[in-house]
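Here is how the chains run, residue by residue.
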Amino acid sequence: MASGGGDVKLIGAWPSPFVLRARIALNIKSVGYEFLQEQLGTKSELLLKSNPVHKKIPVLIHGGRPICESLIIVQYIDEVWTSSGPSILPSDPYDRAIARFWAAYIDDKWFPTFSSIPKLQEQEAKVAAVQQVYEGLLLLEEAFIKCSKGKSFFGGDHIGFLDIALGGFLGWMRVTEKMFNLKVLDESKTPNLCKWAESFAANNAVKDVLPETEKLIEFAKIRFKPPSAD
Amino acid sequence: MVEEVKLFRTWSSPYALRIVWALKLKGIEYETIFEDISNKSPLLLRYNPVHKKVPVLLHRGKSISESLVILEYIEDTWKQAPLLPESPYEIARAHFWAKFSDSKLMPAIWHVFLTQGKQQEEAIPPAIEILKIIEEELKGKKYFGGQTIGLADIAFGWMANLLYVLEEITGLKLMNTQNFPSLSAWINNFSDVPAIKENWPPHEKLVTKFQAIREKYLAAGATK
Numbered sequence: 001m002a003s004g005g006g007d008v009k010l011i012g013a014w015p016s017p018f019v020l021r022a023r024i025a026l027n028i029k030s031v032g033y034e035f036l037q038e039q040l041g042t043k044s045e046l047l048l049k050s051n052p053v054h055k056k057i058p059v060l061i062h063g064g065r066p067i068c069e070s071l072i073i074v075q076y077i078d079e080v081w082t083s084s085g086p087s088i089l090p091s092d093p094y095d096r097a098i099a100r101f102w103a104a105y106i107d108d109k110w111f112p113t114f115s116s117i118p119k120l121q122e123q124e125a126k127v128a129a130v131q132q133v134y135e136g137l138l139l140l141e142e143a144f145i146k147c148s149k150g151k152s153f154f155g156g157d158h159i160g161f162l163d164i165a166l167g168g169f170l171g172w173m174r175v176t177e178k179m180f181n182l183k184v185l186d187e188s189k190t191p192n193l194c195k196w197a198e199s200f201a202a203n204n205a206v207k208d209v210l211p212e213t214e215k216l217i218e219f220a221k222i223r224f225k226p227p228s229a230d
Numbered sequence: 001m002v003e004e005v006k007l008f009r010t011w012s013s014p015y016a017l018r019i020v021w022a023l024k025l026k027g028i029e030y031e032t033i034f035e036d037i038s039n040k041s042p043l044l045l046r047y048n049p050v051h052k053k054v055p056v057l058l059h060r061g062k063s064i065s066e067s068l069v070i071l072e073y074i075e076d077t078w079k080q081a082p083l084l085p086e087s088p089y090e091i092a093r094a095h096f097w098a099k100f101s102d103s104k105l106m107p108a109i110w111h112v113f114l115t116q117g118k119q120q121e122e123a124i125p126p127a128i129e130i131l132k133i134i135e136e137e138l139k140g141k142k143y144f145g146g147q148t149i150g151l152a153d154i155a156f157g158w159m160a161n162l163l164y165v166l167e168e169i170t171g172l173k174l175m176n177t178q179n180f181p182s183l184s185a186w187i188n189n190f191s192d193v194p195a196i197k198e199n200w201p202p203h204e205k206l207v208t209k210f211q212a213i214r215e216k217y218l219a220a221g222a223t224k
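So the protein sequences, as listed, match chains A and B.
Take the first sequence: its position 14, counted from the start at 1, is 14 in my numbering, and no numbers get skipped.
Take the second sequence: its position 50, counted from the start at 1, is 50 in my numbering, and no numbers get skipped.
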């Protein structure tokens with residue numbers, strides 16, 4: 001049951017994987033919200049006022065109060081809307097720790113390497129980065145097997161914290177595959193993650209907010225246009 | 001039935017110290033296993049294969065790594081002396097500031113500490129800007145969480161002793177009581193908490209250790 005339509009705002013932008021995390025969490029809990037999209041290249045006054053420290057999206061504004069940082073927002077959503085959807089974080093302290101550990105790994109280690117791939121000019125450096133991305137995904141494949149216990153998601157039957165943490169990047173993984181002609185999620189290396197990706201993308205909380213790969217590619221071409229040689 | 005809790009740490013790791021403080025604040029008994037970072041034990045490598053670092057907490061035969069993750073685990077498992085507030089909004093704020101310590105303050109301070117000359121000169125203003133943000137956040141508060149010490153305080157705790165160590169080594173003063181009254185007061189309040197006071201690594205030993213780290217960095221990388 002949707003709640004707090006006027007009370008909940010999300011400052012963000014459709015291509016951002018971090019914003020996507022927040023949107024998925026809101027969908028899981030059936031929370032209605034106003035989506036305030038930032039324009040590329042500018043930062044609105046509301047954003048600067050709501051997140052003066054980092055000046056970044058996403059920012060969730062609930063009852064007039066801002067919450068920043070995507071995974072902090074996801075946990076906040078889980079703690080506030082406890083009865084309108086399944087739990088996002090597991091209840092067992094050790095399972096929670098595992099979910100948090102891998103989410104931190106994704107943000108601190110995996111994503112910086114992954115996002116460096118398009119920026120690396122030298123082929124050697126690119127190959128090394130891609131290799132590191134694969135190694136990280138192999139670790140996540142193992143983590144998936146342990147966490148899912150045979151079910152479809154890291155969270156088991158339902159999408160959980162770690163699904164959201166990794167799944168936010170799914171669109172960009174597909175963009176990387178198309179634009180650089182390589183496999184990020186490779187059936188021969190990470191078969192479980194490949195199946196997971198399909199289940200995740202098809203999930204009701206995800207499918208309407210996951211950006212289409214073609215649209216993201218168009219966006220990437222504009223956003224990451226190399227400066228013209230003058 | 002006593003539940004076995006073990007903590008793998010070094011005598012100086014600021015990350016591991018967070019766990020010592022949390023365990024002490026909650027009155028949890030535990031066994032310490034000191035690691036030599038230059039010669040990591042097979043147990044450490046087994047319990048933290050991904051990062052191979054301290055701290056690692058062992059509880060009920062399971063290992064948990066990454067200091068902020070461990071702090072949350074401790075909070076989830078032992079309910080006495082809570083380190084997090086009750087309301088989701090205040091919890092989110094605590095998480096925000098804990099993350100800020102690691103993602104913003106630490107790199108900025110290291111950048112001042114591990115450089116010299118012009119590079120260091122350029123590193124100072126951004127570090128001071130970040131300290132100003134923290135000063136602003138602490139205005140009117142005894143601790144980050146308000147009246148009682150909490151997760152964010154523990155996350156920032158390294159600042160309360162290492163800042164002085166680093167200032168002593170470099171001769172640089174990044175903050176003073178005049179320009180940073182709230183931050184200075186926080187350092188005093190935090191350092192006075194018995195669980196914290198009783199678990200400071202010895203000052204001189206820290207100076208020696210970080211002096212050596214600085215020298216090693218300066219010798220290795222004048223190229224940047």
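Don't take every hint at face value.
Said to hold, decoys possible - Think about it this way: if two alpha-carbon atoms lie no more than 27 Å apart in a straight line, the pair counts; the simulated BS3-like pairs of lysine-lysine are:
id	chain 1	residue 1	chain 2	residue 2
1	B	K118	A	K49
2	B	K104	A	K49
3	A	K109	B	K52
4	A	K215	A	K195
5	A	K49	A	K119
6	A	K149	A	K55
7	A	K149	B	K52
8	B	K141	B	K6
9	B	K99	A	K56
10	A	K221	A	K178
11	A	K151	A	K215
12	A	K215	A	K43
13	B	K141	A	K55
14	A	K43	B	K141
In case anyone wonders, no lab produced these hints; they're calculated from the structure.
Quantities reported herein were computed from a predicted structural model and do not represent experimental measurements.
Quick one: which hint numbers does this structure break? Sort them smallest to largest.
1, 5, 6, 8, 11, 14
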